[in-house]
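Peer 1: Here are the chains, one letter per residue:
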Amino acid sequence: MGDAVTASASLGATPGPEGAAAPVLAISGVSMRFGAVQVLFDIDFDLRAGEVHALIGENGAGKSTTMKILAGYQPPSGGQVLLDGAPVDFAGSQQAEAAGVVMIHQEFNLAQQLTVEENIFLGRELRRGPFLDHRRMQAESRALLERLNCAVDPRAAVSDISVPNRQMVEIAKALGREARVLIMDEPTAVLTTRETEILLEQIDRLRAAGTAILYTSHKLDEVARIADRVTVLRDGRHVLTAPASDLSTDRMAEVMVGRELSDLFPPKPLPGDETVLKVEGITIPGLIHDAGFTLRRGEVLGFAGLVGAGRTELMEAIVGLRHAAGRVEIKGQQLAGGSVRAARQAGLVYLTEDRKEKGLLLGKDLTQNLTLLALDRFTNLLIDRQAEAAALDRAITEFDIRAGDRGMNVGNLSGGNQQKLLLAKTMLAEPDIVIIDEPTRGIDIGTKQQIYAFIAALAAAGKSVIVVSSELPEVIGLSNRVAVMAEGRIAGVLEGDEINEQTIVRLAIGMAGSEARAS
Amino acid sequence: MKRRSFLNTIAATALAAGGMTATGAIAQDQSYTIGVAIPSATHGFMGGLNFHAQDTIKRLEATYPQLTFVLATAGDAGTMVNDIEDMVATRNIDALVVLPFESAPLTSPVQAVADAGIWVTVVDRGLSVEGIEDLYVAGDNTGFGRVAGEYFAETLSEGDKIVVLRGIPTTLDNERVDAFSAAIEGSGVEVLDMQHGNWNRDDAFNVMQDYLSRFPEIDAVWAADDDMAIGALEAIAQAGRSEEMWVVGGAGMKEIIARMMENDPQLPVNVTYPPAQISTAIELTALGLVSSTPVSGRFIIGSQLITPENAEQFYFPDSPF
Amino acid sequence: MTKTATSPATRASPTVNLHVLGPVLALLLLIALGAWLNPNFLSYGNVTNVLARSAFIGIIAVGMTFVITAGGIDLSVGAMAAFVAGLMILAMNSLIPIMGVGIPVILAGMAVAMVAGFIAGWLNGFLVAKVGIEAFIVTLGSMGIYRSLVTWIADGGTLSLNFDLRTLYRPVYYDGILGVAWPIIVFAAVAILGEILMRRTAFGRHCAAIGANEQVARYSAVNVDRVRIATFVLLGMLVGLATIMYVPRLGSASGSTGVLWELEAIAAVIIGGTVLKGGFGRVWGTVIGVLILSLIGNILNLASLVSPYLNGTIQGVIVILAVVLQREKKAAGAR
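Protein chains in written order, with UniProt numbering: chain H, 1 to 519; chain R, 1 to 321; chain G, 1 to 335.
There may be inaccurate statements among the hints.
Claimed, not checked - Straight-line distance between alpha carbons at most 27 Å, and here's what the computed DSSO-like set of lysine-lysine pairs gives:
1. LYS68(H) x LYS130(G)
2. LYS356(H) x LYS219(H)
3. LYS68(H) x LYS219(H)
4. LYS268(H) x LYS331(H)
5. LYS331(H) x LYS277(G)
6. LYS356(H) x LYS68(H)
Keep in mind the hints are simulated off the structure, nothing from the lab.
What you are looking at is a predicted structure, and each value in this text was computed from that prediction instead of being measured.
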């Protein structure tokens, strides 16, 4: 991901930001409040034909709300939405779609059980007489997907295709609707580097065809690569709109956070000598082959690898979420397999990459989420609710969790605050060994820095941490050692100077031997 | 149940005679299959009916080796139709004895059976179209209500107050209640309320409890079914008002009959509605097949009053009902 | 969305949302209606009747609240109650020749009921949690099994408890302490313990977590299978307890005992505000739901408002209304 930065400025034939083209869709003086809480203050923003306009900001800065107002999901509390210069009042997303404004959600809006083709044509099915014209719909779906270099069979069920492909189907669906304005909410959050590259090429093509595109991402290098203009929001206020060529990624980050970001990564504390975790011969047929490693007290061990290399599966096997052959030893004691509870009692906890589906109960309040893992610590026949409330107080302070109301549903927290809550929940179990899977996925840079500092502090306090991440700078910046996985095997464990992008990538794509130079 | 015994007697005699003629006139290897379709034993009365059906079949199969019976019990009308279709298609039945779960839905399937030349005996509940069945054997629902009503009219005096527990809302229940109402008309007996107890002990218990809360004076209860009578009696006992009123149930459940035999003042009389009518129907059908005795027509088994004096005749300790 | 960090000093007070009041409101309306229609409605006798007869469904519905909260359902409870009642009567009748008529026989009968309930519940739970069959299907199957088993052991008729034993056992339904009947006392105790279990223990919290998202619960070191089985076992034992209160009432069991109790119990749970698909349960709401259902029947019997043929309609309308009331309050309260 870090490789495209330098190339970015030259790509994309940009019409001047000072705009020959008139805005297709704009908001003017828009404010938004939910009950007593105001989340947007007097925002101006516009999208022009043939231009990619990136909207960036920390979690909770108001990006989602702005997008929802533009796409007709929510009417603003104040101000105007302008379509082709004239005020409009979208009564809902359908009306906005009819006007050519389509939003692609981070959580996809696809019917899982239907096929790709059925999804692409959902609501505007082609008919021949009274019957559905499947042949034509399939042909058109295939054509749309080919434009996206996506080899998915239109007859496959959405539930059977991979997450990146679902993203492509979402985009194909929008293309099929002849969108004039495409609003993309973190489209690359779930994509691999290669897939991201394909997507960005598609965006280039759409831009050339005159589509107006709103693009959000936490990956600022992507923003620099694709955007013509950049608008930064902070705490619901408009901070800056500037041509992308005038902004470096560092500058973007600084404006977003509102302070200077010194070093993103804290210094690495030195690990101790004692081995606290020893993993041997973990094997899950078809997924993991004979994986083994050790972890020392106070050490941060990074796990790198391509998506699908088996990192998550290995971690789940170690903590007892998956059945696997092999042996896990914690401080010399063998851990009984297949029991998350046993692992937790031995001081080993796992923090999932999928916080929405596996980490948090989105429909419950903060307290119930916070104490779920370590509930026994609050229970003496009955749950001590005062102790729970006190624990939440501590967690809010310690992890800087920003919630409007502590009784609110966790699903309404921003991604960064959810991640901090998940961390707090995990730490409440007072573990000695923490496995954190994708600690900063979908999180803004300010929160990232907080989480990095926290991981370093954990290690400094004598805990041991495993960080599984697809973001190489993160793995490199945090870890004392880095294990690289490829196709279910641990391809190598790097130390000291060996920890650099080239070596890691080479191991990850299965090129053994340190002489080979990856290109 | 004098009439039943009487009918049984003819049937048995005729069967015996038929049996004798059969040895002479009809080849022994001529075998018959009789299908019997009845509702499953979901409450006391049907339990009794199931008992009598199985009992009769066992007895007849022992007596007549050339007879085979296919018994099917169904929990709803649809299942009963399926059962009947299966009997015709796979068991080649020569005769069908059916107690229709409901009249209307069973009418055309049974008609189809009759049209195929199979002997049809209908029990208890008539079909919606007349003249389909070869033989109709039934209890007397009108009589059931009337006999009870007459007893109320005779025993109570003008201005006395009664409450009624009805069954599950069906034609059968309507016939009984209408006949009961007609019989007490003009007697001056006041019906305080009629609510459905669904032929169920628990429901009747609840309804009776509420009657007792609501009406300070009740002289008698027509519970229309012995299961409901048991629930009602329990509610009355709980309220401590046993002295105040008596209860008339119906269908001659053995527990009730036993209490009548001990002259329980709360249970002065009962009205028959014999579950053994199925025996009559099966016996007559068998008779029609194995002999040349003409058995077609209608047999209505009248409802009669059981009193402590004649209760012993109606006591069947082996029946589950 | 907000930048205001919550000050740790502001403690969450138990907020009483408007939607919580929906079922309570419906109950109060019904009570007012009943009192207005019939002066005897609020009499000691009638109140005792209604509460005591609610006890069976009520005790079962409390257990059902846990099963539903954990994302399950149990359709077999009505048939299970009939079957357990049948077994209990059978056991007590056959113990009389050995033990004689006396309290030990009754205690033995109660033990049989609890053990039978435990086993029946465990079987349901085992099939759901360990074998992985949908709760709906498992309990639909066991419903049929128990219903036909009771018909079979009763030989299609009615199982009746020995008359002398019945006289001895009868007070368990009809008597009480200080004028409060035993079923009411037991129901109240079950409800209070259930509320505490749901609201204040790890078990209750785990039930809600499993119902809300089984994956999250698994990843949070909750022993999902064990909790799930425990909900069914709890329900089974409460069915046993309900049966212990039921048998002394009429002293009998038959194929028609407990018909549709499962639906009444489920309806009461949902009226009370528990979410049918799991994740949130409210035991006190269930109690309100049970009372609403019993009161509707009671008022209709007391008042003869409409043709008895329409009783079902009135019940249906009130059930739906109670839930709608709650839904609208919920939508308003959610902002």
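Peer 1: All hints are to be evaluated individually against the structure, with a verdict given for each.
Peer 2: We went through each hint and held it up to the structure:
About 44 Å separates the Cα atoms of LYS68(H) and LYS130(G), which puts this hinted pair outside 27 Å; it is violated. Our distance criterion of 27 Å between C-alpha atoms is met by LYS356(H) and LYS219(H), whose separation comes to about 20 Å. A C-alpha spacing of about 21 Å is found between LYS68(H) and LYS219(H), which places the hinted pair at or below 27 Å, so the restraint holds. Proximity of LYS268(H) to LYS331(H) is assessed by CA-CA distance (about 23 Å); at most 27 Å being required, the pair is judged to hold.
Straight-line distance between C-alpha atoms of LYS331(H) and LYS277(G) comes to about 42 Å, which puts the hinted pair past the 27 Å bound. For the hint linking LYS356(H) to LYS68(H), the alpha-carbon distance of about 20 Å falls within 27 Å, and the restraint holds.
Going down the numbered hints, you'll see the structure goes against 1, 5, while the others check out.
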